[in-house]
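Protein chains: 4
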Amino acid sequence: MRNQRNKWKEKLHEIIYEADTREGKVFDVILLIAILSSVLFVMLESVDDIQVKYGAALNIGEWILTILFSLEYILRIVAINKPSKYIFSFYGIIDFLSTIPKYLSIFFIGTHSLVALRALRLLRVFRILKLARFIGESNNFVKALKASKAKIAVFLFFVLILCIILGTVMYLIEGGDNGFTSIPRSVYWAIVTLTTVGYGDIAPHTAFGQLIASVIMILGYGIIAVPTGIISSEMTKTQDLHLNTQACPNCGEDGHDDDAAFCNHCGSKLHN
Amino acid sequence: MRNQRNKWKEKLHEIIYEADTREGKVFDVILLIAILSSVLFVMLESVDDIQVKYGAALNIGEWILTILFSLEYILRIVAINKPSKYIFSFYGIIDFLSTIPKYLSIFFIGTHSLVALRALRLLRVFRILKLARFIGESNNFVKALKASKAKIAVFLFFVLILCIILGTVMYLIEGGDNGFTSIPRSVYWAIVTLTTVGYGDIAPHTAFGQLIASVIMILGYGIIAVPTGIISSEMTKTQDLHLNTQACPNCGEDGHDDDAAFCNHCGSKLHN
Amino acid sequence: MRNQRNKWKEKLHEIIYEADTREGKVFDVILLIAILSSVLFVMLESVDDIQVKYGAALNIGEWILTILFSLEYILRIVAINKPSKYIFSFYGIIDFLSTIPKYLSIFFIGTHSLVALRALRLLRVFRILKLARFIGESNNFVKALKASKAKIAVFLFFVLILCIILGTVMYLIEGGDNGFTSIPRSVYWAIVTLTTVGYGDIAPHTAFGQLIASVIMILGYGIIAVPTGIISSEMTKTQDLHLNTQACPNCGEDGHDDDAAFCNHCGSKLHN
Amino acid sequence: MRNQRNKWKEKLHEIIYEADTREGKVFDVILLIAILSSVLFVMLESVDDIQVKYGAALNIGEWILTILFSLEYILRIVAINKPSKYIFSFYGIIDFLSTIPKYLSIFFIGTHSLVALRALRLLRVFRILKLARFIGESNNFVKALKASKAKIAVFLFFVLILCIILGTVMYLIEGGDNGFTSIPRSVYWAIVTLTTVGYGDIAPHTAFGQLIASVIMILGYGIIAVPTGIISSEMTKTQDLHLNTQACPNCGEDGHDDDAAFCNHCGSKLHN
Chain A
1 MRNQRNKWKE KLHEIIYEAD TREGKVFDVI LLIAILSSVL FVMLESVDDI
51 QVKYGAALNI GEWILTILFS LEYILRIVAI NKPSKYIFSF YGIIDFLSTI
101 PKYLSIFFIG THSLVALRAL RLLRVFRILK LARFIGESNN FVKALKASKA
151 KIAVFLFFVL ILCIILGTVM YLIEGGDNGF TSIPRSVYWA IVTLTTVGYG
201 DIAPHTAFGQ LIASVIMILG YGIIAVPTGI ISSEMTKTQD LHLNTQACPN
251 CGEDGHDDDA AFCNHCGSKL HN
Chain B
1 MRNQRNKWKE KLHEIIYEAD TREGKVFDVI LLIAILSSVL FVMLESVDDI
51 QVKYGAALNI GEWILTILFS LEYILRIVAI NKPSKYIFSF YGIIDFLSTI
101 PKYLSIFFIG THSLVALRAL RLLRVFRILK LARFIGESNN FVKALKASKA
151 KIAVFLFFVL ILCIILGTVM YLIEGGDNGF TSIPRSVYWA IVTLTTVGYG
201 DIAPHTAFGQ LIASVIMILG YGIIAVPTGI ISSEMTKTQD LHLNTQACPN
251 CGEDGHDDDA AFCNHCGSKL HN
Chain C
1 MRNQRNKWKE KLHEIIYEAD TREGKVFDVI LLIAILSSVL FVMLESVDDI
51 QVKYGAALNI GEWILTILFS LEYILRIVAI NKPSKYIFSF YGIIDFLSTI
101 PKYLSIFFIG THSLVALRAL RLLRVFRILK LARFIGESNN FVKALKASKA
151 KIAVFLFFVL ILCIILGTVM YLIEGGDNGF TSIPRSVYWA IVTLTTVGYG
201 DIAPHTAFGQ LIASVIMILG YGIIAVPTGI ISSEMTKTQD LHLNTQACPN
251 CGEDGHDDDA AFCNHCGSKL HN
Chain D
1 MRNQRNKWKE KLHEIIYEAD TREGKVFDVI LLIAILSSVL FVMLESVDDI
51 QVKYGAALNI GEWILTILFS LEYILRIVAI NKPSKYIFSF YGIIDFLSTI
101 PKYLSIFFIG THSLVALRAL RLLRVFRILK LARFIGESNN FVKALKASKA
151 KIAVFLFFVL ILCIILGTVM YLIEGGDNGF TSIPRSVYWA IVTLTTVGYG
201 DIAPHTAFGQ LIASVIMILG YGIIAVPTGI ISSEMTKTQD LHLNTQACPN
251 CGEDGHDDDA AFCNHCGSKL HN
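Those sequence lines, one after another, are chains A, B, C and D.
Using the working numbering, the first residue of the first sequence is number 1, and each one after it goes up by one.
Using the working numbering, the first residue of the second sequence is number 1, and each one after it goes up by one.
Using the working numbering, the first residue of the third sequence is number 1, and each one after it goes up by one.
Using the working numbering, the first residue of the fourth sequence is number 1, and each one after it goes up by one.
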């Protein structure tokens with residue numbers, strides 16, 4: 001009997017956690033639809049006009065999805081051998097955070113807007129669609145991103161320090177009357193400017209401030225080339241290193257084309 | 001007689017659908033001028049000052065062009081063997097949509113502004129000028145774009161999901177009083193920010209909101225490198241594969257390495 | 001005597017049009033300073049506060065420079081054999097346009113602001129500094145730009161057409177009440193958005209308008225990769241073609257390193 | 001005794017200026033924390049709400065850090081053989097500028113905001129973390145940046161000249177009523193536009209002005225590809241030269257082609 005329970009558990013695990021069987025795929029598709037609908041419901045509900053008209057219907061829809069997600073959450077815990085492994089995993093925490101606010105909203109009125117946390121569930125879309133596989137006909141893409149991650153982090157760190165210094169300088173130059181009321185706000189402005197976003201909610205008014213702002217803008221326009229250069233060169237490098245590693249059995253020459261049948265150095269036949 | 005009609009139809013087909021004969025080229029040039037004028041007329045008419053002064057003249061001009069386009073539409077149907085093939089083609093639908101509103105405007109007053117749909121006709125410019133051929137001295141360009149299409153689509157999909165999540169978070173942080181009145185609006189703001197457009201019609205006011213906004217901006221500034229890296233490396237890759245044009249004297253296979261001494265397909269010696 | 005006049009003319013030509021002699025270089029430096037001062041004067045004069053205080057002094061300075069530029073203009077005409085060649089050249093027209101407004105301002109009061117056209121003179125800076133030479137330690141840079149010029153022009157043309165169509169669509173969706181008062185204005189907005197500039201002077205207010213705007217922004221964010229990819233790959237290609245073309249006298253193998261003394265294929269000595 | 005003093009001085013030099021010993025590393029970490037806290041204090045103090053509540057506590061914290069920094073400054077002078085070498089170095093000046101304002105604020109009330117100059121100290125973070133080493137697993141990155149520095153400087157200079165000319169043209173077209181009150185301000189606007197920042201504090205209102213603005217935007221959107229292309233191609237080039245690490249067994253020369261059978265320097269056979 002214990003054996004049978006295990007079998008049932010294994011089956012459940014297969015359906016919920018894997019996507020190789022027919023049932024697993026159906027489960028994934030239903031989950032995908034449920035996630036997208038729940039995000040849609042939450043988005044629509046936040047629009048005042050729609051909330052007034054269709055609020056009740058949306059609320060019922062949300063409750064149905066919340067119960068479904070709760071069921072999924074319980075089944076995920078049941079189907080795994082070490083439930084704590086799921087509960088404290090990245091997706092486990094997201095699943096919990098996106099399900100609980102609806103229940104809380106019964107008891108605490110103010111917490112209803114937290115239902116919006118359900119949008120975090122969208123991250124699971126990446127897992128379900130296994131987008132990485134879709135990109136990775138050449139796995140090089142992911143490799144290049146990983147290889148350049150450190151460099152880009154240093155670059156963004158450099159940008160941040162630059163923004164703190166430049167923001168502080170602008171705070172001294174422009175002052176509170178022109179909207180640069182505090183250093184954090186000035187740093188925020190510097191980031192808005194350097195990244196070429198440019199809201200315009202804060203903008204320099206003094207001639208000297210506009211001069212510094214111009215320097216920041218041209219700087220931001222110029223150094224955007226750095227992350228681009230890093231990734232471009234990394235991707236070019238990665239693919240260069242992905243030549244065929246097959247060696248000729250006669251002369252040992254490698255670097256053959258993928259479709260080579262004969263060694264291009266000594267003419268011997270290559271094993272396929 | 002039926003034969004003669006077919007001949008006449010073939011001639012018409014040649015003029016309208018092809019551009020190899022002198023008449024075909026003349027037709028294309030006239031069509032190009034007509035399209036550009038009609039777009040210009042529509043643009044000018046939408047400007048209030050010009051509409052008041054030259055409205056009557058523009059209206060006449062539009063009617064002339066509408067009749068010409070109607071004629072072209074009819075001729076295109078006549079000249080082709082399977083009219084449905086044209087009517088339901090991409091350009092067939094555009095031609096219809098850009099011609100009909102002028103007629104509708106006689107009967108329904110409100111529909112006049114739909115005449116602006118004529119701008120869609122500009123797409124035909126690409127076909128007439130055969131711009132692809134102009135680019136494609138190296139067809140690699142188009143190849144690289146096609147090869148990176150999937151990756152860029154995944155990237156943009158990732159950006160969209162990111163914007164939905166970040167927009168929702170900002171909706172919770174900032175709230176309606178600061179302009180983030182609904183989740184769709186907040187998502188719109190997140191897109192405006194991440195793509196570094198930055199209108200400033202909605203902008204964060206709380207310190208925490210500005211912090212998140214800064215993260216989004218730096219993120220947007222950093223990940224713009226991804227599509228650029230994809231296309232750059234794809235284009236570099238494509239051209240690298242087109243170096244050696246040497247063909248094997250035995251089997252005719254080409255695409256050998258520059259330093260190949262033997263054909264990698266049949267093992268024959270290559271002439272240097 | 002005629003011979004002597006020619007000699008004097010040749011000397012003048014050398015000083016003004018060339019930069020190989022000491023006098024020619026001195027002339028260039030003085031001209032550079034004069035151009036920069038004149039631009040500075042014009043810029044300062046346009047600032048109201050400075051105009052009130054130092055207007056008279058700036059006016060005198062401008063007159064001195066105007067007379068110097070007039071002299072230069074006359075000398076350039078005298079020193080060349082075919083004056084019309086200079087007068088109707090690009091720089092000839094700029095020199096004329098940047099000198100004449102000051103004289104006109106005596107007779108016509110309104111024309112004084114045209115003095116600002118003097119800024120066009122800054123273009124001559126490129127010629128004097130021969131910046132191209134500075135870049136062109138590798139002439140590849142200029143080559144790559146020229147090679148990608150056509151492709152980038154097509155790309156920008158494509159962007160323009162896209163903006164006209166999208167602008168027209170937004171005009172229909174948003175309408176005059178939301179700032180999209182005419183098609184040209186909507187097209188202007190589409191350009192502001194697609195290029196990720198985003199002033200915010202015009203911004204969509206309807207939900208559907210914001211949806212289309214989001215699409216435009218993500219599009220603009222994605223296709224900026226195209227010109228970058230074109231130039232990057234072009235520059236990489238150009239340098240790839242600059243390998244050593246020296247062939248081994250023994251085995252005929254080429255593609256040697258620039259500093260190779262022996263063939264890397266058969267070991268024979270290479271002729272340097 | 002003099003010898004002993006030198007020994008003590010050497011020890012101090014090791015701790016303060018180097019990071020190889022345990023004490024040196026501890027010193028660096030403490031300095032890092034002190035710098036980050038001092039910047040945090042200054043940032044918080046500039047926020048009005050926080051200043052009101054915690055102003056006194058922050059002031060005490062700042063005084064403690066100021067005294068620590070003063071001590072560090074004195075020790076740095078003591079520990080070095082030629083104090084002037086430190087005092088007038090880049091970091092020496094920054095250390096001085098970031099320490100002195102707090103003392104000045106006792107005597108001169110207006111100077112307190114200059115304490116914000118402490119943010120300049122953040123530059124030392126780069127030195128302490130030796131970020132360059134972190135990036136430079138491939139030193140190519142720094143090499144590529146240095147190699148492209150000149151080209152990018154020329155590019156930015158070109159952008160600046162372009163902005164001056166276009167700004168002047170816009171000043172003539174739009175005039176003071178539309179916000180283009182002076183040429184420097186118009187140039188500032190041109191920079192804001194070309195770099196795709198787009199605050200919207202100044203924006204063209206006339207049809208012709210919007211046309212020119214559109215051209216500037218499309219230009220800015222297109223030529224951002226230039227610095228990116230420069231760096232990308234430079235980085236690709238640099239790494240291409242670093243492929244083969246095989247050294248000749250005879251002369252020790254490295255940098256051979258991957259398929260080299262003989263040393264290209266001395267003609268000896270290479271071991272495969």
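These are computed hints drawn from the structure, not numbers from a lab.
Wrong hints could be hidden among the right ones.
Identical copies carry no separate label here, and so any pair may be met within one copy or between two of them.
Said to hold, decoys possible - With a Cα cut of at most 25 Å, we get these calculated SDA-like pairs of lysine to any residue:
(1) Lys85 x Asp48
(2) Lys25 x Phe158
(3) Lys149 x Phe107
(4) Lys149 x Ile212
Hint-by-hint comparison with the structure:
1. Lys85 x Asp48: neither (40 Å within a copy, 46 Å between copies)
2. Lys25 x Phe158: between (45 Å within a copy, 22 Å between copies)
3. Lys149 x Phe107: Answer is neither: 44 Å inside a copy and 49 Å across each miss the 25 Å cutoff.
4. Lys149 x Ile212: For Lys149 and Ile212, only the inter-copy Cα distance (21 Å) is at most 25 Å; the intra-copy one is 30 Å.
Comparing the model with each earlier hint shows violations of hints 1, 3; every other hint is respected.
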